[in-house]
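Protein chains in written order, with the numbering used here: chain B, 1 to 345; chain A, 1001 to 1345; chain Y, 2001 to 2345; chain X, 3001 to 3345; chain V, 4001 to 4345.
Keep in mind that the hints are not guaranteed to be accurate.
[Said to hold, decoys possible] In the DSBU-like style, the derived pairs of lysine-lysine whose C-alpha atoms are separated by at most 35 Å in a straight line are:
| no. | chain 1 | residue 1 | chain 2 | residue 2 |
| --- | --- | --- | --- | --- |
| 1 | X | K3165 | X | K3217 |
| 2 | X | K3217 | V | K4147 |
| 3 | X | K3157 | B | K147 |
| 4 | A | K1138 | B | K147 |
| 5 | V | K4015 | V | K4157 |
| 6 | A | K1053 | B | K138 |
| 7 | V | K4016 | V | K4053 |
| 8 | B | K217 | B | K15 |
| 9 | B | K157 | A | K1053 |
| 10 | Y | K2138 | Y | K2160 |
| 11 | V | K4217 | B | K160 |
| 12 | V | K4217 | V | K4160 |
| 13 | V | K4157 | B | K147 |
To be clear, the hints were calculated from the coordinates, so they are not data collected in a lab.
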Amino acid sequence: MKFDQEGNVTTFEKKKTELCQELSLQARDLRFQHSTSLTARNNCIIIRMESLKAIVTPEHLSVLDFRGLGLERWLVLDLAPQLASHTHSLPFEFRALEAILQHKVNTLQARLNDVEPSILDTLESLVDPKILSADRSKLHILLQNSKSLSELETDVKVFKDSLLKILDEDEIIEELCLTKWTDPRVFEESSLGIDHAEEMELLLENYYMQAEELGNKARELRGLIDDSESVIFINLDSHRNVMMRLNLQLTMGSFSLTLFGLIGVAFGMNLTSSFEEDPRVFWLVTGFMFLGSGMIWRRLLSFLGRHLEPSIPSLPSLPNITFLNDKTHVICNTRSVTNCHSSCL
Amino acid sequence: MKFDQEGNVTTFEKKKTELCQELSLQARDLRFQHSTSLTARNNCIIIRMESLKAIVTPEHLSVLDFRGLGLERWLVLDLAPQLASHTHSLPFEFRALEAILQHKVNTLQARLNDVEPSILDTLESLVDPKILSADRSKLHILLQNSKSLSELETDVKVFKDSLLKILDEDEIIEELCLTKWTDPRVFEESSLGIDHAEEMELLLENYYMQAEELGNKARELRGLIDDSESVIFINLDSHRNVMMRLNLQLTMGSFSLTLFGLIGVAFGMNLTSSFEEDPRVFWLVTGFMFLGSGMIWRRLLSFLGRHLEPSIPSLPSLPNITFLNDKTHVICNTRSVTNCHSSCL
Amino acid sequence: MKFDQEGNVTTFEKKKTELCQELSLQARDLRFQHSTSLTARNNCIIIRMESLKAIVTPEHLSVLDFRGLGLERWLVLDLAPQLASHTHSLPFEFRALEAILQHKVNTLQARLNDVEPSILDTLESLVDPKILSADRSKLHILLQNSKSLSELETDVKVFKDSLLKILDEDEIIEELCLTKWTDPRVFEESSLGIDHAEEMELLLENYYMQAEELGNKARELRGLIDDSESVIFINLDSHRNVMMRLNLQLTMGSFSLTLFGLIGVAFGMNLTSSFEEDPRVFWLVTGFMFLGSGMIWRRLLSFLGRHLEPSIPSLPSLPNITFLNDKTHVICNTRSVTNCHSSCL
Amino acid sequence: MKFDQEGNVTTFEKKKTELCQELSLQARDLRFQHSTSLTARNNCIIIRMESLKAIVTPEHLSVLDFRGLGLERWLVLDLAPQLASHTHSLPFEFRALEAILQHKVNTLQARLNDVEPSILDTLESLVDPKILSADRSKLHILLQNSKSLSELETDVKVFKDSLLKILDEDEIIEELCLTKWTDPRVFEESSLGIDHAEEMELLLENYYMQAEELGNKARELRGLIDDSESVIFINLDSHRNVMMRLNLQLTMGSFSLTLFGLIGVAFGMNLTSSFEEDPRVFWLVTGFMFLGSGMIWRRLLSFLGRHLEPSIPSLPSLPNITFLNDKTHVICNTRSVTNCHSSCL
Amino acid sequence: MKFDQEGNVTTFEKKKTELCQELSLQARDLRFQHSTSLTARNNCIIIRMESLKAIVTPEHLSVLDFRGLGLERWLVLDLAPQLASHTHSLPFEFRALEAILQHKVNTLQARLNDVEPSILDTLESLVDPKILSADRSKLHILLQNSKSLSELETDVKVFKDSLLKILDEDEIIEELCLTKWTDPRVFEESSLGIDHAEEMELLLENYYMQAEELGNKARELRGLIDDSESVIFINLDSHRNVMMRLNLQLTMGSFSLTLFGLIGVAFGMNLTSSFEEDPRVFWLVTGFMFLGSGMIWRRLLSFLGRHLEPSIPSLPSLPNITFLNDKTHVICNTRSVTNCHSSCL
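The following block holds chain B by itself, in its conformation from the complex:
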């Protein structure tokens, strides 16, 4: 345990019971059951802010169980000078309370500052419309940060609630002005024209509003995460639709090729077709296969175009089909196929 008098730092160890006797507190008051609490008891202010447990009396501030919590640095370097400075003409407990609340708000702010750029960066890279699939490691980071953010939100809320509970009851604020009750002489001296209770209210209100600002920022950040998730979904869906259309166009092409390739397969059969000897038929059939595939594909593509933009009154660009005589029966066939196709969709 440690003991801080107005500027001087003393460290010593004491049993809880001795401490209780010294300050005439009950053992129960030092149990620190809640993670965040701020109560006035018997001319002491007992504070717990997560890992920081402190007792403020009009003359000194005791910090309990401070080891191994990363607080030493702050205690030694920042707290002592802050307590020693006499910028306010206000008594000691105001300075102590301000230092502790400031430390709490700074901690919360630091946690938000930790989380915020990480979230913004991750979202920035996830929302990037160029990427096809979300980077999973980024998603993991986002999930971690989102969890930290909701823990931070809870802590800010708990901190705000504990301040609000005090602000709502004027008697508690009065009780917090220790000097007023213990040291009337100092009180009268220091309170020339200053109402201690009002000053205390202002001090607490100040930190309440700082916490509120933190809460607002956290809520905005959460809103941004939600919006970004929607945008990520729309992005992924859009990519998928584009790929699906490409896929569909290629499937159309493959279908056309397969359809007309069937002609080639037919002529490839070891069956007599009576055209075997005519040298021109080879080029005719080959040309027909390629041209027919291309044409059917074009029809299907334009059909797809019309289908996906149904509201534009579009003249279907009917290809001028002029065929040689000896293939008309096949044409009729394919035409009926596509007709039935379009009729049954």
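Since chain B is already given, all that's left is putting chains A, Y, X and V on it; use the hints.
Just chains A, Y, X and V now, kept in the frame of chain B:
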């Protein structure tokens, strides 16, 4: 720093400490820790609205640190005349407060006006059912605007809260009526039949309601964004389903062609099938390949149609199949295939 | 401008300033800055309900700027008789206030009645499980209605808030009972056993509850839209899954056919395979191609069936394939294929 | 209309005006404008609970317009005995009020009991992970139930609000204790040690808490629906991903077969390749086609496996490719293809 | 039933009516209608916490209907010593109340501890980016836990509300201090410097805050579930997009192969093409088929790459196409095909 007396503008520079002494304020009161605050101290009203910091006394209005913030134009052109005009018979601090609050509401309104058409335009074009994939640059704009909107919502909320805090406590309203306390003569003169505190309450309430309207508009806009996102998702999904059905129909066609193409491949093998010399067999098999593919495809398409609309009792349009004699065994085959196919799905 | 005395209608034009002087109001009171307001000033009730601006005095009701707003019909046909009727024994201002509030609630109700069937119809047709893709024009209608609905919700909320603000402060209710203050004789006469302020409170409360019911209905409608959107998404996703399974089954078929078609292609090569002269080999290979395809397809389908229902411990029903020598096996094969097809779906 | 005296049931018809005169109520009081209301007027309690309209006096309970609403059964069988029983030593109006509120809560509870198992069943079957596509009829049922649930939530909320409004104002509770005001003798007799107003408060509070429990259950149910919808979506998406992977694997197979089938097609051309006479070449090329397809497929599958599980450091199982000399140029080709493939992904 | 005096445990059975007479309670007070209630009646505190029903008097604590509820163990082992210990100098009812509330909070905490690791584990494994499809059994567990969590949230809320109702009314707190009213001697003795009501308030507040912490944890957990669901969806969508791109790339390959395979099919026809005798043509056409396929595929892949990353200004890596003379017409054809392809997308 700048100094505005009832209509006349004076600019000069002063240290903060001098200012404090002059107005007998404490240094702490001029720290402007919160982005939006409105407090009465020692017959001064100290206001901060984001970048605008001002001190109102019964005789003059001082604007602090106004340079480089885009406020000069407003200060010179609008503020001076507004303060000089004597439309109300109310004292100076009312006019000053009204001018500053009006400026704040105007700023918020301007931000909403900035964001609103951009959001509406972006949504309009994103919701367009004709487009297959969402334009990513539009999504980016939407995300930016959505972020601006939530910042605006926070600012409106903070502004409303700071006004509400004053409206809830009658003493603060009383304190804001500076003339009442400093200049009883002017007070009595001006307050013929007018209760200053009530007028102040009306003034603040007026701006509170304007902020509330802004908040309502922003919330509606957010609701519209959410609804539009749902519609965008339904649109994209619908497109995908349509494309998938087309794809499925083509896959069915390809399957049919491949199935019957196998016959052609079989006859194309360099193996003796004893049909090689019959010239009619070529046409028979070719015709069977094309007809069979078409038929199977048609059956599959009608099957798909029934499958996707299961509740409509539809007579399956059985195709009139009239075949040549020597292929009946194959026909039976395919018929049983498709029958069992349709029965088992 | 228009002037309504107890039943008689008079229309005339007046400047705002004259009106102010006549009623000894301040110019500011007639600015009607907020879309919905209800205030008592100097024995007048000044009301604005969106487009309707009115001033109620104990003797008459003046409606301002009524032209071109679609209000004429209501003013002439409904308002005059309503004001003239003496069903209550209550003074004039009660009747006037009731008429205006009733008109407001009717307007809101009419807007809800406008929007509600349209939304229900659109949802009904969008939720229809038979449709494969959402009708985009319906989605557009839904979006429009959803926007109208949220505007309506805001208006109901604003109306409720302005009534609630009055109901919360008894002095304002007292002020609204104009006759009590201006005409003590009429007051005493009319108030035999009736407390004016209480009647006023009942009247306002009545409309507050009507507005609350409207708000409840609107919220239910919004909930219905959200639920329906979820159902639409599930529907579209289900359709997609069904189509994807069909697609996968056909892809399996195509794969099998391609795999065994490769045998045919191999034998189609202009390479000597030493089987060229054996007539039975043609039928053997052809049969093997079709049988093999069918079998592989069957295996794949049953694999798919097992894969999609992983929790059912299923013995893979290995088909006992025993074949005849010639062509009957093709029939059996395809038949068994389709059987297995039906069993595994 | 009907008339119930302490246990005896009398039915008769009366005009509204007669009823008003009899009970010295105003016509307005019997308009029953709101779906749920509970007011005390002139020593009567006027109650409307949806379809049930009743007037309670210290001596009797009148139920109005009870025909055709499914209430007869309850009125005759349950209400009369309940009113007649003297378990409480409390006056009649307590019993009447308790009977009516109990009936209301029972109705709400019955509606919840109706909806709850249906929702749970539907969700149970929709969440079933084995099903591939959501059953649309189930979705329809879910939508209907969800609508009923939100109506029920609104009714519970309205009921709670109307009770809460009474509980918040002690005067209304006093007014509801009719006997206290009308029958001081009975009052004094019955109130030995019992405070009527307190009893009334307890009675109302009791039903308020029952309504609250109903509201909690309804909210839990809504939460369950939301969670289940998420699970349904994840299920459908998972199924789709599994099918898509299968599809992709088969597409890989088809691609491999097509690639190496091209070799067969090439050798099938009626062009001289100088290999025509070598009998071993047939087996070499055929074997190469099948082996090559299989190998490429394997490579693609392992590539897919690596691609989908990128974080596992996996040694790519390089197939031992040992090729014959005269095909190396094709190998190089396919190798470069797959290289470029993997590089461009 | 059971009877616990200050440390000693007595079990006996009693009728409810006898109990009522003994404690001079009304039968109604022992109905325990609500799942959670805490009321003071006639110098008894009647408590129900779900399955635990207890009556506290200044001298003893009776637990009712305790059998078969899993409470025996707690009653015998923990409750008796807790009641017997005299750590507080506070009267018996404080110890009894503290024991029961502590038991309730412990039960809630135990339920949260049950649910929390299960949810975290399930989410951990579901969010894992490596898995392609969500494990459905895990989803089922998640759904169950989510249901337990919302039931827990409701219970915590009900518990908090019942404590808050007492904390809000000072008279109820006074009533809860039984000793103050029944045993003034003990009261005076024990209350040296201690205000009983204040102690009671502190005691209740302590448990209220513990319940609040539980509620906060549950809410964080729910938020985590929601966030994780979003991440799961993005993961599944990403996987799908990756697979779809692979599929598209393979479809492109298949298309290219089919396109150029058509040349092979054409040459495979039993038609005279005049090239039959030239041995070089075989290699030329075969090479052209493979090279052409590869090239077209490469073009399509680079087209896809450009399409999916539209914002990068990329020089399309035009492949140096140098063809032999006699195939240019086919090239033109395919080029026009791909041109039209790119133009119509």
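* To do: Would you check the hint for K3165 of chain X and K3217 of chain X, treating anything up to 35 Å between C-alpha atoms as holding?
  => 22 Å, holds
* Decide if the proposed pair is consistent with the structure: K4157 of chain V and K147 of chain B, CA atoms, cutoff 35 Å inclusive. => Given pair K4157 of chain V, K147 of chain B holds - Cα atoms ~23 Å apart, limit 35 Å.
* Asked: Has the given pair, K4217 of chain V with K160 of chain B, been kept, meaning a C-alpha gap of at most 35 Å?
  -> 17 Å, holds
* To do: Quickly compare the C-alpha distance for K157 of chain B and K1053 of chain A to 35 Å and report which way the hint goes.
  => 29 Å, holds
* Going straight from one Cα to the other, do K2138 of chain Y and K2160 of chain Y come out at no more than 35 Å? -> 32 Å, holds
* Asked: Does the structure keep K4217 of chain V and K4160 of chain V at a Cα separation of 35 Å or less?
  -> 14 Å, holds
* Could you grab the alpha-carbon distance between K1053 of chain A and K138 of chain B and see if it respects the 35 Å cut-off? => This hinted pair is violated, its Cα atoms lying about 42 Å apart.
* Given the hint that K4015 of chain V pairs with K4157 of chain V, does the C-alpha gap stay at or below 35 Å? -> 33 Å, holds
* Asked: Given the hint that K1138 of chain A pairs with K147 of chain B, does the C-alpha gap stay at or below 35 Å?
  -> Holds, because 30 Å separates the two Cα atoms, which is no more than 35 Å.
* Do the alpha carbons of K3217 of chain X and K4147 of chain V lie within 35 Å of each other, as the hint requires? -> 12 Å, holds
* Pair hint outcome, K4016 of chain V versus K4053 of chain V [Cα-Cα no greater than 35 Å] -> This hinted pair holds, its Cα atoms lying about 13 Å apart.
* Asked: Going straight from one Cα to the other, do K217 of chain B and K15 of chain B come out at no more than 35 Å?
  -> Cα-Cα ~42 Å, so violated.
Checked against the numbered hints above, the structure breaks hints 6, 8 and satisfies the rest.
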